[in-house]
Amino acid sequence: MHIKLSVQPGTTDKIKTGNWREWHYPEIDHEKCIGCGLCDQACPEGICFPTGEKNKAGRVYYEKDLDWCKGCGLCAEICPVQAVTMREEIK
Amino acid sequence: MPTKKYKAPLSHLLNPGHSACAGCGMIIAARLLLDTAGPNTIVTNATGCSEVTTTQYPMTSFKVPWIHSLFENPACLASGILAALKVKGLADKTNIIAIGGDGATFDIGLAHISGMWERGDNVLYVCYDNEAYQNTGYQYSSATPLDANTSTTPPGKYSEGNDQKKKDMVGIALAHGLPYIATATTGYPLDLIAKVKKALAIKGPKYLQIYTPCVPGWGIEPKDTITVAQLAVQSGFYPIVEYLNGGLSGKTKTTKKVPVENFLKLQKRFKHLFKDERGKAEIAKIQKIADKNIEKFGLLNS
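Line order of the protein sequences matches chains P and W.
Just so you know, we're using my numbering here: the first sequence kicks off at 1 and counts up by one.
Just so you know, we're using my numbering here: the second sequence kicks off at 1001 and counts up by one.
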């Protein structure tokens, strides 16, 4: 049986929810990051990811994509080494 | 602003762009659940935030086969899909997950879930428990805890909010004799992932209840979603337990008991309890419930 899909998988990525951010955005300190991936697990959008680049300590650091970031600040809360800080955003 | 712009690889099975609130606990649970289950999964979804926020026509956040029918239906749908897969000989290769909110699980869909459990279908039923009908405007459900302020149980001169205790859904699941029953929370993501893995490895009906804080419904700050969930566990308000074939096989213990007040004061839905003496007596009642949980499951590490 073959069904024609009217909705393609994962299509909401066209909606850039970054404009939901009120006044704070996360900034990740690459040198502090230990690459544990907790921000990836805690992010409601799932847009924290390993960059593949290494810092001076030899750890693959994480980054975020501000296109979808709603600025909730959970990554800054859960980070065990305080590598994420919420900075004020001037739009 | 940073100089270099990074692009997310979108490697999760739930794409961003959904309309869940900033800091939503439900969507964290949904993503962790799907990523753990893998692409060989069929999801049936009840009506609720998990459906409304992710699938506005003509778009969907899901990258796995996903189906929504009625509010009460995820369990029956899952049973039907399983029957079809059995005919095609694919039943052992596919995970079937039914997702419902606490309204769909505790109230509206209870009869159908009971039927699915009775038939012994190999389905993982996941309830994300945010303790009210948060999607339609924070109305009371039978998962709402004592003294919570919802739009249908407002506190006032003659009331301190909801006057009923939370329904013991885990107890109901236990009475059905399920091989695997567990509670988890977004406050402890690694525990949640481990429980999903364990559940999917077991054959038969499974029940997983995930405690997911709701930002607008509970009146918390978006950044507090995880803290609140952790405090609920540490105070004994929401016991994290695991039952294997009817016997208690796992629990999340705390080293130091947190007073339930610390958990309540972060939320606007319990704000009225901190106003006067009457509220103090109610807090003592909630503390008693938490203490009872700690005693019942032995949650304190001594």
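Just to be clear, a hint being listed does not mean it is correct.
Claimed, not checked - Here are a few chain W residues that sit away from chain P, every Cβ distance over 10 Å (derived from the structure):
#: 1; residue: Lys1007
#: 2; residue: Leu1014
#: 3; residue: Arg1031
#: 4; residue: Leu1090
#: 5; residue: Pro1189
#: 6; residue: Asn1245
#: 7; residue: Val1258
#: 8; residue: Asp1276
#: 9; residue: Glu1277
#: 10; residue: Arg1278
Claimed, not checked - Lysine-lysine pairs mimicking DSBU-like chemistry, simulated, CA-CA at most 35 Å apart:
#: 11; chain 1: P; residue 1: Lys54; chain 2: W; residue 2: Lys1296
#: 12; chain 1: P; residue 1: Lys4; chain 2: W; residue 2: Lys1086
#: 13; chain 1: W; residue 1: Lys1275; chain 2: W; residue 2: Lys1296
#: 14; chain 1: W; residue 1: Lys1280; chain 2: W; residue 2: Lys1268
#: 15; chain 1: W; residue 1: Lys1007; chain 2: P; residue 2: Lys56
#: 16; chain 1: P; residue 1: Lys14; chain 2: W; residue 2: Lys1004
If you're looking for bench data, these hints aren't it; they were derived computationally from the structure.
Fair warning: this is a prediction, and the values are worked out from it, not measured in the lab.
Backbone N, C-alpha and C fix where the C-beta goes; we use that ideal spot for every residue, glycine too.
A quick look at each hint next to the structure:
no.	hint	result
1	Lys1007	6 Å, violated
2	Leu1014	6 Å, violated
3	Arg1031	5 Å, violated
4	Leu1090	13 Å, holds
5	Pro1189	4 Å, violated
6	Asn1245	29 Å, holds
7	Val1258	17 Å, holds
8	Asp1276	32 Å, holds
9	Glu1277	34 Å, holds
10	Arg1278	33 Å, holds
11	P:Lys54 - W:Lys1296	48 Å, violated
12	P:Lys4 - W:Lys1086	23 Å, holds
13	W:Lys1275 - W:Lys1296	31 Å, holds
14	W:Lys1280 - W:Lys1268	16 Å, holds
15	W:Lys1007 - P:Lys56	22 Å, holds
16	P:Lys14 - W:Lys1004	22 Å, holds
Violated hints, in rising order: 1, 2, 3, 5, 11; the structure is consistent with all others.
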